[in-house]
Amino acid sequence: ERRSSSLQHKSAPFSCAAGQKQNSSRENWSLSPEEYETWDRLYRIKEGDGIKEPVLPQTRFATLENLEEIPGQGAARQLSLCEWSLWQSRPFPTALVGHSEPCHHFIRVMEMMEQMRQQQGDCSYGQQLQPHLRLEDVNIPRKKRRLHTANS
Amino acid sequence: PPWSLQRLKAAVHYTVGCLCQEVEEDKDVQFSKQSIAAISEITFRQCGTAWVTSGYLGHAKRSTINTEDVKLLARRSSSLLKYITQKSDELASSNMEQKEKK
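Protein chains in written order, with this note's numbering: chain R, 1 to 152; chain V, 1001 to 1102.
Think of the hints as simulated: they come from the structure by calculation, not from any bench. We put the CB at the ideal spot given by N, CA and C, even for glycine. Treat each hint with caution, since some may be false.
To be verified - Mimicking EDC-like on lysine to aspartate or glutamate, the simulated pairs with C-alpha atoms at most 16 Å apart in a straight line are:
#1 V:Lys1082 / R:Glu69
#2 V:Lys1071 / V:Asp1089
#3 V:Lys1087 / R:Glu65
To be verified - Quick list of the computed label-pair ranges, beta carbon to beta carbon:
#4 V:Asp1026 / R:Cys82: 17 to 25 Å
#5 R:Gln58 / V:Leu1073: 18 to 26 Å
#6 V:Glu1024 / R:Phe61: 15 to 23 Å
#7 R:Glu111 / V:Ser1078: 32 to 40 Å
#8 V:Asp1026 / R:Gln120: 19 to 27 Å
#9 V:Leu1091 / R:Ala62: 21 to 29 Å
#10 R:Trp87 / V:Val1029: 22 to 30 Å
#11 R:His99 / V:Lys1027: 33 to 41 Å
#12 R:Asp49 / V:Ser1094: 55 to 63 Å
#13 V:Ser1032 / R:Phe61: 21 to 29 Å
Chain R extracted, bound-state conformation:
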């Protein structure tokens, strides 16, 4: 298969265009005819390829009116951020960019959820925190106060 072999060799899309010849014609923001040819031949997803165009999921709020338009994604492959959640309770390898603090928080929470997955009914997290609760810290109308949290 021409595509799979060439993809492996040129996994960095710009490596082939970094030669001096291309650099001289590199004044436009758009692709030069040669670059276009390379892109069209090696990277562009076409109908006959049997793979779907990858798209990122759009931001959507369940609790707010949504201003962003959601485009129709009939033939596209929506990239999933949760399909491999079981892999995410430990840091993945890095190349040049280290994990950020928010990323570490994410990993820790995934780890915590993994540990809680087997629990039924009572929750150790709530039980550990319950003695530390001071009702003067919470700003909840009395009638809405959640009784079972206090005795769990």
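Please arrange chain V on chain R, whose structure you already have, making use of the hints.
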């Protein structure tokens, strides 16, 4: 001790439980205690990182956080930004009224 991380976590957990209860009634779903615990922990950790990720610490030369900084936290979604901006405007106008009364 008057304040501790555990005490803060407990307050967040309790409040998250109450908010989840509202969603349960509203959407006719049920949250397990474990899912409420996970949401609490995420909320707690999010509070620690929100300002860092907003770029606030790097850019602002002020030492007082104002509403513009809070809006910056919502910039990734125009829906969220609109909502926060509305709340901010409401708050500002009610503050003005309070001042006029005095």
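Now the hints, each set against the structure:
Pair hint Lys1082 of chain V plus Glu69 of chain R holds up; C-alpha atoms about 15 Å apart against a cutoff of 16 Å. Note on Lys1071 of chain V and Asp1089 of chain V: the hinted pairing holds, with a Cα-Cα distance of about 11 Å set against a maximum of 16 Å. Under the criterion of a C-alpha separation no larger than 16 Å, the hint pairing Lys1087 of chain V with Glu65 of chain R is consistent with the structure, at around 14 Å. Taking 17 to 25 Å as the suggested C-beta distance range, the pair Asp1026 of chain V and Cys82 of chain R conforms, at roughly 24 Å.
In this structure the hint that Gln58 of chain R and Leu1073 of chain V lie 18 to 26 Å apart at CB holds, the actual value being about 20 Å. Separation of Glu1024 of chain V from Phe61 of chain R is about 19 Å and conforms to the stated range, judged on CB atoms against 15 to 23 Å. Separation of Glu111 of chain R from Ser1078 of chain V is about 33 Å and conforms to the stated range, judged on CB atoms against 32 to 40 Å. The hint said 19 to 27 Å for the Cβ distance between Asp1026 of chain V and Gln120 of chain R, and at roughly 26 Å that hint holds.
At roughly 24 Å, the beta-carbon separation of Leu1091 of chain V and Ala62 of chain R lies within the given 21 to 29 Å, and the hint holds. A beta carbon spacing of about 27 Å between Trp87 of chain R and Val1029 of chain V agrees with the range 22 to 30 Å that was offered as a hint. For His99 of chain R and Lys1027 of chain V, the hinted distance range of 33 to 41 Å is satisfied, since their beta carbons lie about 34 Å from each other. Evaluation of the 55 to 63 Å hint for Asp49 of chain R and Ser1094 of chain V yields a pass: the beta carbon distance comes to about 58 Å.
Take Ser1032 of chain V and Phe61 of chain R: their Cβ atoms lie about 23 Å apart, and the range 21 to 29 Å holds.
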